[in-house]
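> Assemble the complex: chain H is given as a structure, and chain L must be docked to it using the hints.
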Amino acid sequence: MQLKSKQEGDIEKIEKYTSFQLPNRFKIVGLVLFILSFISVPIISIYLENDKYQDLFERIALTGSVLGLLIISISKEKIEDELIAKIRMQSYNYAVIGTILFYLIIPFINYILFFSLSSGHKIEGSKDVAVLAVLLFMQIITFRKLKRAYNEE
Amino acid sequence: MKNRLKVERAILNITQEELAEKIGVSRQTINSIETNRFVPSTLLALKLSQLFGKSVNDFFELEDDEKNGV
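Chains H and L, in that order, give the protein sequences. For any residue, its number in the working numbering is found by taking its place in the first sequence, counting from 1, and adding 9. For any residue, its number in the working numbering is found by taking its place in the second sequence, counting from 1, and adding 42.
Bound-form chain H, shown alone (with noise of 0.2 Å):
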């Protein structure tokens, strides 16, 4: 038996990841965990004012919102062709660049509109640059992973 290259392995492993789908039926799963969580957070800062809990609680809704958004993303449609999968990467890819140029000009066009209100205003979301930038390390490491793989002889 051939032992295979490490390349091999490489484009194997991350196909193993991509190629991971959820039956079509979990698209309804995702959307009632969406639903059912992203209506539990005000239920939960309502009911939950001052708790000592109302934090978590909050976390928990809203990670369950951010799943059945994945689930509804990462389901398969009834038929799962070549054609679902240049759509699905191409959506992937919008997604990623606008999201970034979004979370990357918002907090300047939110700065500038409360400057005028207000001098001692910060800039937020400090920490969304971080995970902006965690993506595009991903992708970018990938992409020359793959790249290098691609081109094994």
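No lab work stands behind these hints, which were simulated from the structure alone. Hints are not guaranteed to be accurate.
Unchecked claim - Partial list, computed: chain H residues near chain L (C-beta under 8 Å): (1) Ile88; (2) Glu91; (3) Leu92; (4) Glu133.
Backbone N, C-alpha and C fix where the C-beta goes; we use that ideal spot for every residue, glycine too.
Positioned in the frame of chain H, the structure of chain L alone reads:
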């Protein structure tokens, strides 16, 4: 890329839906190939070739401006 998918489908007298089912894709995929919005993979082209009993070149053709360097 030009294609004669619609003509080949008419020869076999099958709908987009039926063709889609035979080669394991969705009706939207067949529609988007016919309307030149989507270029299928070689794998899919060969499946169509097998079904039509014709060479891929008989129903897919490069446009004139795509023939550069050929």
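> Now tell me, hint by hint, if it's right for this structure.
Hint by hint, here is what the structure shows:
1. Ile88: Holds. Min distance 4 Å.
2. Glu91: 6 Å, holds
3. Leu92: Status holds, d = 4 Å.
4. Glu133: At 42 Å from the nearest chain L Cβ, H:Glu133 fails the 8 Å test, so the hint is violated.
Of the numbered hints listed earlier, the single one contradicted by the structure is hint 4.
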